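Taken in sequence, the protein lines are chains A and B.
Counting in my numbering, the first sequence runs from 991 upward without gaps.
Counting in my numbering, the second sequence runs from 24 upward without gaps.
Hints are supplied without guarantee of correctness; some may be wrong.
Below, in silico cross-link-like pairs of lysine-lysine (DSSO-like), each with a Cα-Cα straight-line distance of 27 angstroms or less [unchecked claim]: (1) B:Lys128 to A:Lys1047; (2) B:Lys72 to B:Lys128; (3) B:Lys79 to B:Lys100; (4) B:Lys100 to B:Lys128; (5) A:Lys1047 to B:Lys72; (6) B:Lys75 to A:Lys1001; (7) B:Lys72 to B:Lys83; (8) A:Lys1047 to A:Lys1005; (9) B:Lys75 to B:Lys100.
If you're looking for bench data, these hints aren't it; they were derived computationally from the structure.
Computed from a prediction, not measured in an experiment: that's the story for all the values here.
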Amino acid sequence: GAGVSQSPSNKVTEKGKDVELRCDPISGHTALYWYRQSLGQGLEFLIYFQGNSAPDKSGLPSDRFSAERTGGSVSTLTIQRTQQEDSAVYLCASSQQENTEAFFGQGTRLTVV
Amino acid sequence: GNSVTQMEGPVTLSEEAFLTINCTYTATGYPSLFWYVQYPGEGLQLLLKATKADDKGSNKGFEATYRKETTSFHLEKGSVQVSDSAVYFCALSTNQAGTALIFGKGTTLSVSS
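So that you can see chain B by itself, here it is in the shape it has in the complex (with noise of 0.2 angstroms):
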């Protein structure tokens, strides 16, 4: 069936650090791709998506790309800050009717100063 791994948390880095926070799929057909963040008290918001293979999403600095071959989409960021402490969640679209969002199982980042 269709599902979605994320690597196992906690994550803790210090300020500027690099960040990978790795997503791996499972799917038939071409799904589309999404990183979903949520921060301490607050819902779940869109980080940013990829619809087809080797798209890469970006935004607020962070960035995934879409890769067929390994079935992956990982996230990166170049430099984390302390404000990027939330539970990243990466997610799958399988573009078929009648099929719901299927999401990993979330990655806690802290980051400290």
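Just chain A, same shape as in the assembly (with noise of 0.2 angstroms):
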């Protein structure tokens, strides 16, 4: 595609649901990576694919946490059981090999009532 595209944009939850966000990265890209912002503060790293593996785990912040990347392209993070502070926004990014600039989404807004 033309960019990396997310979905849904926006998603309102209510606590102790579970949700899934999704990240459609540039045609061709191997590497793939999920941020979170919240309000106020910077880019939390989460998690990284490269191709469908995922070298680096080290960023997700509970075992409510999980992601998969099926066929080198589509990611899901899926967050179980949402708590109030998963509130923020997902960013997911590509890049056309690991360590090169990357791409990111307009992020999906998660906010859990």
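Make the complex out of the two chains shown on their own, each in a separate frame, by following the hints.
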């Protein structure tokens, strides 16, 4: 595609529910990143994929968070049993190969009520 | 470990003032360095980059020079405009397999006319 696409753009969910956030990277990009941006905070790294494998999962904040990537393309970030502190903008980025500049999607704004 | 430190914001300037946003890094080896910008309501986009020591990245009147001796990549602009109001993120890539881009916390710039 022309750019990194994320869906939904906004998601309001009740505390305790599960949510799935989707990222469609730029076609041909092998590296895919998930970050979280909270109000007044910087970018918090969550997980990084090279192809379908995740060499760096160090940023996932708890075992309620998981992510997968299939076919070296689309990635899904799943948050189980959402908590209010999960409210943030979740950003996805992709790059042609690892260690080159990343291109970001518009993000998914998650609000847990 | 690898890290990026940016000056705390917000930075408030009048139009046509000189801008410096400090960024220093800690990394092993020979990282690549980036500045990203996030305009209000938009996603992050690459502003400029430098891949080796003494390289100068430039774009839209902004410049940053990769200084290995001081481990810095400060962002400068000679004359800011209201339209430059945004959040600026310094980032590094370690150029090592299996590592994600590392971002600073971001610096908010507000320019008034």
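Problem set entry | Contradicted hints - numbers only | 6
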